[in-house]
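Read off the chains here:
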Amino acid sequence: MNFLVNLKSNRVFKFMASVRFSVPLMVFLIVALAWGTILESRYHADLAKLRVYDAWWFELILLFLWLNILASTINRFKVTFYHFGFLVTHLGLLILLASSVASNRLGIDGLLILSEGGTGNTVHLNKMGLQFVDNSGAKISIPVSRANDLLTPLRLSAINMRIKDIWTITNLIPFSQTSRVAVASTNITASTGPAVEVELINPFISYKEWLQNPLQKSIDLGPLYLALTDVSDRFKSTLGSLTVYNSANVPEARFELLENGPRTFQHKGLTIRVDKVLKKATVLEKQLVESRDSGSNPAIAMSVQWSGRHFKESLFADFPDFTLNPGGFGGYSLRYEKTATVPQDKNALFIKVKDSNQVEMVYFEKGSEVKRATANLNEKLLTPWMGMTVSVKNIFSNAAFEFVVREAPLEVKASLPPPAILIENSQTKEKRWLQPGDRWNESLSFENQTRSLPFTIKLLKFIKTDYPGTETAKSFESEVELNDGSRHTISMNEPLKKDGFTIYQSSFGEDEFGNQTSTFSVNQDPAREIKYFGSIVLGLGIMIFTLSRSQRFGKWLKTLGVSR
Amino acid sequence: MICTLFTLFLSLGLASPNLSNDFLVQAQKIPAELLEDLPVQDGGRIKPLLALSQESLLFLTGKKSLKGLHPIQAYLGLTIFSQNSELPVVNVRNPEIRKKLGLKELTHFSVVELNMMPLRQMLEPILRKNNMNASNLIPEERDWIEVYHQVSLASAIYSGQHFFNALTLNPDQSMAGGHFLPEHPSNPAAKFLRALKMGADFSNEINELKSSLQSQNIPSEFKTQISKTKLEVFYLKSHFLGWAAFVYFILGLILVFRANKTSLKVCWLILIPLALHSAALTIRVVITSFAPVTNMYGTMVWVSLGVVLFSLIPLLLYKQKWITGILWIGAALILGITDSFPLVLSPSMDPLVAVLRSNFWLSTHVLTITISYAAFAIAMLVGNTYLIGSQFGLLTLSKIRDLAHLTYRMIQLGVFLLTVGIILGGVWADYSWGRFWGWDPKETWALIADLGYLALLHARFLGWIRERGLLIGATASFLLVIMAWYGVNFVLASGLHSYGFSSGGATAMAAFVLLQLGLIFLGLLKERAPRT
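Protein chains in written order, with the numbering used here: chain B, 1 to 564; chain V, 1 to 532.
If you're looking for bench data, these hints aren't it; they were derived computationally from the structure. Idealized CB from N, CA, C, for every residue including glycine. Treat the hints with care, as some may be off.
Unchecked claim - Calculated lysine-lysine pairs in the BS3-like style (CA-CA distance at most 30 Å, straight line):
(1) B/354 <-> B/268
(2) B/474 <-> V/64
(3) B/474 <-> B/498
(4) B/413 <-> V/100
(5) B/366 <-> B/354
(6) V/64 <-> V/223
(7) V/29 <-> V/237
(8) B/461 <-> V/64
(9) V/129 <-> B/346
(10) V/100 <-> B/555
(11) B/49 <-> V/129
(12) B/393 <-> B/346
(13) B/558 <-> V/319
(14) B/555 <-> V/319
(15) B/464 <-> V/129
(16) B/380 <-> B/217
(17) B/366 <-> B/279
(18) V/319 <-> B/366
Unchecked claim - In silico negatives: residues of chain B with every beta carbon more than 12 Å from chain V:
(19) 2
(20) 216
(21) 259
(22) 319
(23) 346
(24) 374
(25) 391
(26) 418
(27) 472
(28) 489
(29) 492
(30) 504
(31) 516
Just need the whole structure built from these sequences, with the hints factored in.
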């Protein structure tokens, strides 16, 4: 009791226990909650959780509120009728708040998706985790939280300790986007080539993207097609090119096949005569002919004259190693390659790099050329269609194309961009960004955490019943069979309870094979009973509180012989 | 070209008086009373033709009927009138859309006229967006979709397809059965419409229509609903709620202005409108088989009933007749508004989405939450009585004390009911979604409102505010209730409680909020002025 007396005279405790502390806390809470609902309405429910409900400062407000209620309950603890309502109400609140936090931290809330006829027990939690296999072969998952909650700093340090021998998380971007960016390069490899960064702007959109040859030659934007090409004289070519390689496998000459029909090209001592270009070639009586079947097999039938002799040759774009003359023609070999074609059904812009400051742009409308212009770096040009301005922000004559992870802007009413974590291997010093679904190698991956149920569920059948004559669902239900052979029906408002897990009908869909799927939400809440107990105590408390302040009720009690 | 110009003139009104007259003459001949309780299928339930006609016309034209016609006369008249597509009946409600379509001065347009506008081109990208994710549409885009649905509905009514579909009481067999397929040679509905059109004697056709309606293979849940169509016709024609609102208002006026001369016996007259009000709610429950609080309309009717019930507390406990009178006027206003704007506050009794199909939880959780709004509404009404009364110096100190005491008790009652309601909602959510609390906007705003009132009670306990502060605070806190009740569904429109989402009424609601804030501001100014 002495302790209590000392405590009650402590100034900090007095403030913690006072209503002077609770009212500002409540007002803070109101503002924070309102802000959370606005974030949810404008962006996404998950953003409201990350920015408000799971944020450290919000948890701090709740913690202070809890301490405030606790202190005031201790401070005003008196077993009289007048105080009874107050005590019960605030005790109920304490239990309810504490058990809610406990469920949040200790409970499981995830999704289990089954196809009809399929069996499963893996629950995907709504939490990301870094999964790895430890030395003993056991799978370990470490939660990675995007919210800055009170426990995250502790958790992150725990991660570093547990896997510090091999991997360390060195950075976390809560909302990330990956993009490919061209970086000027002096090495010439199979994947480097010219690159430009193009910007398109009109009143509705602003779009900026890299084009690189050969990794991103073209981009299809729906009504508009962008391509980086090395042909700029005649774009009507839809037939491809013939390239002459020397003995070191370096291209020495390239001839564009602009139209069908016989044509002759010369390179060094070679005279090449193209007889015909075929879209779907097939061999009939030792001749290449156009097949009537659907599909494509682009090829050219040709003859080559070298040191006075004639050779027959057939080249296939899709089979570059095939040749009728395996020895080549004095060290030279030939290859037939398809090039980007001008689409017939949309607008198109083809760009060719002239030098490090200039590109040539050719505009097409429904397959035919409508305008041609030379553009300097950063020069804004008006397109002949769609009322856009186009400019080239970067030009590299040779560039490598690399993945870059960076902060993504949040868009109104769109799903949230995924998080990304930067992992460093402390032995090799190699660093790599991982987004959900990515893996470093066999043993380390970043994905949704999973939990295995102690039993398996087989989805026998999913039934959706509509109100007659409408597509409004009246009910969804799933017939399931557990591995103990028992059968159950799970429907909206009628969950299945087993071994502490509750399985709810959540939604439905189709898998990639077109089978009906059913989505269950799986939940385990160790504090459920406590929460319900707290709710009842709170409800009773307010009732007693309201009644005990009523003079009429007091008079009525007096007539029964109860004194206050 | 000349032809199009000609139709343009027709629809823009040059020939329109004649056209309207021809339409009226033909429609007035339709024997509407005989057809009122004809059971038809629409929106997933069986309803009388009267309800279908009213609802269709309301969506199409913005009113429950046309030019004083009986709703069925207007509905069937539109089907049989040969120049129906030239009648200006489609109500384009969004002025921004009218502007973009080049329609400025009028609000109603004919289908011919709308089809000549660049409507299709404007709609195409919006419809694509709607198919991908309807929840990403901005309000104006929703209104475009509404115009699209209005034009589709008009076309379906004009072709008779809408009527035929509604008569097919087993929609799942509509393809196979074909009683009412338009191309079916003995389609009794088509025969009936032909007879109507010719102005011939159609009594045989009506009988044939009714008997073939019954001979369909009707789903069992529809059979019980068919027996309720007469009751629904009675409900639609009796206007119980409008009458109840009117009587509340009159009795309220009597109590306010003649408080001292009115005996308590006169006050018992309140039981009459209360009975009408309760009867209307009961009939809705009988027709729909669920608690009548599944949309804004239902909750407002329920809250106004709660206000009247709780108003008996000051009347019986404190014998404060004039306060009770004000509360009755308030209830009459809430109920009157609810019953007067069917476009915004839809009185539709169409069935529930799957998650709400639990009568136990729907009744306990929603009824408890919304009845707490009634207690808070009383606190707000009393607070405003103080704000307005004190501006004109009408209130004595003892009257202010009475008002403050009533407000305090009502807030306590409301906090109790709201807290219990929130917890019940948590238990229901735990039971059917698997989580007790998920920071869903609807539950979060209910909590915000609860916290607002709790802050007020604690501040009163602390002495930070006194009687006047509590009265003003009760009006301010009710703005939080409005946000939880109306704002989440109509303004934020996000979250899991999506079944109540709607739009409209934002201007009126903003006007109310501004007026309330203005009153509070004036009240605070008066507080700060030195008292003599």
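So if I understand the rule, the pair passes when the alpha-carbon distance is 30 Å or less; does residue 461 of chain B with residue 64 of chain V pass? 45 Å, violated
Over 12 Å to the closest beta carbon of chain V is the bar; see if residue 418 of chain B clears it. 19 Å, holds
Just checking, residue 259 of chain B versus chain V, shortest CB gap more than 12 Å? At about 38 Å from chain V, residue 259 of chain B clears the 12 Å cut-off, so the statement holds.
Measure nothing beyond the straight line between the CA atoms of residue 413 of chain B and residue 100 of chain V; if it is 30 Å or shorter, mark the hint as holding. 25 Å, holds
Are the Cα atoms of residue 64 of chain V and residue 223 of chain V separated by 30 Å or less? It holds: about 27 Å lies between the C-alpha atoms, which stays within 30 Å.
30 Å Cα cutoff - pair residue 464 of chain B, residue 129 of chain V: It holds: about 26 Å lies between the C-alpha atoms, which stays within 30 Å.
Are residue 354 of chain B and residue 268 of chain B close enough, with their CA atoms no more than 30 Å apart? 26 Å, holds
Take a quick look at whether residue 474 of chain B and residue 64 of chain V sit within 30 Å of each other, Cα to Cα. 28 Å, holds
Hinted pair residue 380 of chain B and residue 217 of chain B, Cα distance within 30 Å: Holds: residue 380 of chain B and residue 217 of chain B sit about 22 Å apart, inside 30 Å.
Mind verifying the non-interface call on residue 346 of chain B? Its CB should be farther than 12 Å from each CB in chain V. At about 16 Å from chain V, residue 346 of chain B clears the 12 Å cut-off, so the statement holds.
Over 12 Å from every CB of chain V: does residue 374 of chain B meet that, or does the non-interface label fail? 35 Å, holds
Using Cβ atoms and 12 Å as the threshold, tell me whether residue 216 of chain B really stays out of contact range of chain V. It holds; residue 216 of chain B is separated from chain V by about 26 Å at its closest Cβ, greater than 12 Å.
Hint violations for this structure: numbers 8, 10, 18, 27, 29, 30, all remaining hints satisfied.
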